[in-house]
Amino acid sequence: MSPDLVQPALVLSLALFAIGALGVFLRRNIITVFMCVELMLNAVNLAFIAFSRARGTLDGQVLVFFVLTVAAAEAAVGLAIIIALQRGRDTLDVDAFDLLKW
Amino acid sequence: MSLTPVQQELTIAVVKVVVFFGALLTLFSVMTWAERRLLAFMQFRLGPNRTGPIGILQPVADGIKLFFKEELIPAGAHKWIFVAAPALAVFTAFLSIAVVPYGGTVTLPRWGLLPAWLQGREITLQIADLDVGILFIFAISSLGVYGIVMAGWAANNKYTLLGGLRSSAQMFSYELALGLSWVGVILLAGSFRIQDIVAAQDGPRGLLHWNFVQQVVGFAVYLVAATAEVNRTPFDLPEAETELVAGFHTEYSSMRFALLQMAEYVNMITVAAVGASLFFGGWLSPVPFLPDSPLWFFLKLFAGLFFFIWLRGTLPRLRYDQLMAFGWKVLVPLATINILVTAAVVLFGPGLLASWRRMLG
Amino acid sequence: MVSGVLEDRVLMVLPFMVLLLPLAGFVVLCLFGDAIRRHGESRGAGILACVTVLTSFVLSAWSVVRLLGLVGGRDGLRFSQPYLGFEWMEAGGFRVPASLLVDALSGVMILVVTGVGGLIHVYSLGYMAHDEDNVRYFSYLNLFTFFMLLLVLGGNLPVMFVGWEGVGLCSYLLIGFWFKKQSASDAGKKAFIVNRIGDAGLILGMILAYHAFGSLDLVEIADNAGSLAPEALGELGVVTAVCLLLFVGACGKSAQIPLHVWLPDAMEGPTPVSALIHAATMVTAGVYMVARLAPLFVLSETAMLVVAAIGAATALMAATIALVQTDIKRVLAYSTVSQLGYMFLACGVGAFGVAVFHLFTHAFFKALLFLGSGSVIHALSGEQDMRRMGGLRRFIPWTFWTFLVGTLAIAGIFPLAGFFSKDAILAGALGRHGNVLFAVGLVTALLTAFYMARLLFMTFFGRYWGAEPHVHESPWSMLGPLVILAVGSAVGGFVDIPHFVQPVFRLPEHAEGHHFWLPWVASLTAVLGIAAAYYLYVVYTEVPARVAGSLGGLYRVLVRKYGFDDLFNWIARRGVVQGSRDVLWAGLDTAVIDAAVNGTGTAFRALSRGARTLQTGLVRGYALVMLGGAVALVSYLLWAR
Amino acid sequence: MTAILFYVFAALAVGSALVVVGQRNPIYSAFGLIVTLCALSAIFGLLGSPFIAVLQVVVYAGAIMVLFLFVLMLLGVGAEDRKSGRTLKTVAAVLAAALALEMGAVLVGAAPAPVASFDASTRAVAHVLFSAPYLYVFEATSILILAALVGSIVLARRDP
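Chains as they are written, first to last, in this note's numbering: chain S, 18 to 119; chain Y, 14 to 374; chain X, 164 to 804; chain H, 6 to 165.
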């Protein structure tokens, strides 16, 4: 489409990344934290796409594809862990999980 | 009147959208009436037959009634989401049908009445001809679940929440089978564009080239998964009256209720239209001696819609665990095997065929 | 492709049909085995198995006829490389197409495999009729046939290797067929493990061959063999290494010293299995492979000498052990080992065609002998000890007469099959390496005649010593194959196999020195052996015990089979188990590794005591540190730029 | 036209991302994230990557976020009742801002001048995806997904 959007896209990408990173610290709910991580991943995806557009190669697209796959796997396992945590602790506050084992 | 090319394109698009969605809305309202009548006939009743000739104006009456009812928002509801949910549901429903083609390309006749730039212009009978058309439908239909989930959650009510939960799990599970059932078709056509997929089903022997012949397993999976995807009987657990009052739309009334209903019917139409395009050759004629025409597409579409109504009149509802087990343990493996077989045939078929031909002289 | 390939469309497809029929049989029996058994249709299962293999035989014969019809290509080479239409493996320049190779050699082999195999299938109908698990048996047998055909038809080493491993698997399954018997399942495992040793050599050989020739295609290897750089040849060249490694594989499969120990134990399997796998087909795979790669082997004097020496040593050793065995099947097993040694001897002296010839004739008479012994065992309801037999000639005449034909054939009596092939081997060995190999061959021939005659006399002559009162002749499904095989053993020698397969080896057909005296000496040797056996086991039956007594030491060595089993047991027990415990565990593991690990642990525990205060367990704290680290890292990179 | 759309969607993305971070009720966060993802998908489309755009909606919005919502509703999660510590917040905000600035310094001007023609159609992406270096990774992801499938089932089972 329009090549002059690459630079704004990169700026958007880093803004989203910073917002996501901030969210990890602001929020206490483990699922929200998880979602913030997903937000950061998406910011990275955007950077990939922007660079792919800029360089005219498709490797960035393929990497985004892999990021999506990994994110899907990660979400499945992560949410399963969260369910297990909730069963064990009856809370989803990240600070409640400060032991390696119980 | 002289228009720039961009303006011309835009005009055509707007006209297409208006005409098409007008037709769709009409079809939706007729569907509500047709469903009630047909169900009634299947159950030896008469159904709505008082408003207008054979009750045909019943949808209008319903519309007026719903329009004038009070809009209730429950006290504990999450207001914004409660309001946004029906809109989102309808939005996604309409969006996905935009890429379904209902005819090939037509050339406008050179009538004097038409503006000069329209005469002899080629027009695709489709609102948006996307390169990734079928993926787009998949994407949008996967967004469709949010309307229901939001509706179910926002009302802050046990039954609606359960309805929303059920529907999210159900649509999530069956979406997989739905998507997988398309892959065989996509492999055969070698394209995500629905126009290409329809074109790939063209051939000298009419309906024998349609995908429901070669992709019979894929078609069967699609049929079941699509029924589940639009929450129709026997998969209408999210709104199972006997268990959940009315499921996710328990707390809705008036026009918002109407919107949810509309979303459901439009989804049904979408699914039937996609089925007609993917498995029944879209606008292609079933026999070689008749011409291809959009009429065929609508005929197939109506047949599909009738089929859904027929199902509702025939089958009892499944139990929830049966539903999930069926989706994951039957449909998904079946669709996967179908993909494997199709891929093998696409990959090795021509080579093997050629070598057999060579061997047989 | 190579210029020698001749287009024959039928021949591009037939081999696949030959292959797939037994596989189809296996699949059907495997999938529906339970259902078949539940419906009591196991006889139908057997018949299905027979039909697939016999049909496969007909198709094989057709293939060979088509092959003969090919107009001679380059150097009179006639072959066809059917291609299934896809690459099995492809990685960089390495490609393994799913292709077969049909030429004179594999033609002979598929005929033997499907022909003898088919007869043995038919025989099994009778032999296994009363076994409740015979559907499984037939499915294994079909699977074996498939893999064996794949082995001999494979167009490149990896495809051949699939067959090679497949037959090993089937051999294991069939030896341990009666897995409820401890000795049977042990024997199965032994066969499997010993074969693994050989297979390791084969894999290494394959890798090295790819390194040396840049191809694993059998035809291309043969083509490239002639144009190797001189440094690849020579005593320690890569060719020698390839050949020796491949020969290790052949040793494992074909039971050559020192990997022969599994074959006698393999007799725990059903007798038809012994006949099919451990006499006629699978064990000859090693010979087949060596013959197949003949253009390679002839390049290395060393490898040829090793092959010949191992073959000769095995032939002699196994023959001597066979002298003292009393189990009818074990005698035949050692006889098989001995005859395989003979074949390798022939390969080693460059007479590959003769080796294949002997393989061919041996398949007939050894299958015949095994099936005959099976008939004897069947007649005596499971008795295998020859000392409890005797005089059976009168009870089971058909078995006796066919067995007699087989015995005379293996002993090398004119005009039976063994005479020709054995004579040809001796002729090939004559004049090589100071005639040592020839002498060994002749002595082995003498011993062969002797122990086979001993077997015959102990079983069928003299008084009946057994306990089974109802000695009964076998059913026709068993006798039919016996008769056919007997006919084959009788006339098989007139087929000019060496000449037929000679082009495959790409060797000049050197004129065998025709020594008019050699047939006479060989025949005389055979007659002498038989006569000695007659003297010892029919006329003066008390003499053998006296001989055994007076040669006590030697006798014990023979009965202990030269101690190979003891040696391997010792290696396993002393070397592996004890060595692991005393040296590796006590010495290395505890004293060095554990100490190091524990020491590290102790050190780190002390360190960690300090670091523990940082460990709050609050995830976001860690994340904050990570973020800070990221900021620091990027700062550094920016600064460094 | 494209630029206008881009800025509209970018604003939407940033706004909804702020909703994700700012809302105390995780369900609102989830809806915010969904909007962000859809906006990003649109931006991908505007950057000429239709395939990835659609994939983004299918996988992220259609699958992953449904899973999140499902779990949120299943567990009946309410709004957070405790606030995070002020120190943590401050440090985090400073660090995040620092990171953003640094990344800006790296990224802005890092991109080469964009090429004129760009083909990221499904077919083109598939060609790259299914050829030499990525093909093996692609195959490996199937194992990854299988492992994730098994792992999540095992983890979430009620009776371990």
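None of these hints come from the bench; they were simulated from the model. Computed from a prediction, not measured in an experiment: that's the story for all the values here. Backbone N, C-alpha and C define an ideal beta-carbon position, used for all residues, glycine too. Honestly, I wouldn't trust all of these hints.
Pulled a few chain H residues facing chain S out of the computed Cβ check, cut under 7 Å [unchecked claim]:
id, residue
1, 9
2, 10
3, 13
4, 17
5, 24
6, 40
7, 135
8, 151
Simulated DEER-style distance windows between Cβ atoms [to be verified]:
id, chain 1, residue 1, chain 2, residue 2, range
9, Y, 100, H, 156, 30 to 40 Å
10, Y, 369, X, 683, 28 to 38 Å
11, Y, 357, H, 109, 45 to 55 Å
12, X, 771, H, 8, 36 to 46 Å
13, X, 325, Y, 144, 37 to 47 Å
14, X, 200, Y, 302, 47 to 57 Å
15, X, 202, Y, 357, 32 to 42 Å
16, Y, 144, X, 200, 20 to 30 Å
Quick rundown of the hints versus the structure:
For residue 9 of chain H, the interface hint is violated, since its Cβ never comes within 7 Å of a Cβ in chain S; the closest pair sits about 11 Å apart. Given hint, residue 10 of chain H at the interface with chain S, is violated; its Cβ is 10 Å from that chain's nearest Cβ, farther than 7 Å. Given hint, residue 13 of chain H at the interface with chain S, is violated; its Cβ is 12 Å from that chain's nearest Cβ, farther than 7 Å. At a threshold of 7 Å, the smallest CB-CB gap from residue 17 of chain H to chain S is about 11 Å, leaving the interface hint violated.
Annotation: residue 24 of chain H was flagged as interfacial toward chain S, and the flag is violated, the nearest CB pair being 10 Å apart, outside 7 Å. Proximity of residue 40 of chain H to chain S is violated relative to the hint, the smallest CB-CB distance being about 11 Å (cut-off 7 Å). Interface restraint check: residue 135 of chain H against chain S, minimum CB-CB distance 10 Å, threshold 7 Å, status violated. Nearest Cβ of chain S to the Cβ of residue 151 of chain H: about 9 Å, over the 7 Å cut. The hint is violated.
Between residue 100 of chain Y and residue 156 of chain H the beta carbon distance is about 38 Å. The supplied range of 30 to 40 Å therefore holds. In this structure the supplied range 28 to 38 Å is violated for residue 369 of chain Y paired with residue 683 of chain X, their Cβ-Cβ distance being about 57 Å. Taken as a hint, the range 45 to 55 Å holds for the pair residue 357 of chain Y and residue 109 of chain H, whose Cβ atoms sit roughly 51 Å apart. Between residue 771 of chain X and residue 8 of chain H the Cβ separation comes to about 56 Å, which falls outside the hinted range of 36 to 46 Å.
Between residue 325 of chain X and residue 144 of chain Y the Cβ separation comes to about 44 Å, which falls inside the hinted range of 37 to 47 Å. Taking 47 to 57 Å as the suggested C-beta distance range, the pair residue 200 of chain X and residue 302 of chain Y conforms, at roughly 56 Å. For residue 202 of chain X and residue 357 of chain Y, the hinted distance range of 32 to 42 Å is satisfied, since their beta carbons lie about 33 Å from each other. Look at residue 144 of chain Y against residue 200 of chain X: about 57 Å separates their beta carbons, and that is not inside 20 to 30 Å.
Going through the hint list in order, the structure does not satisfy hints 1, 2, 3, 4, 5, 6, 7, 8, 10, 12, 16.
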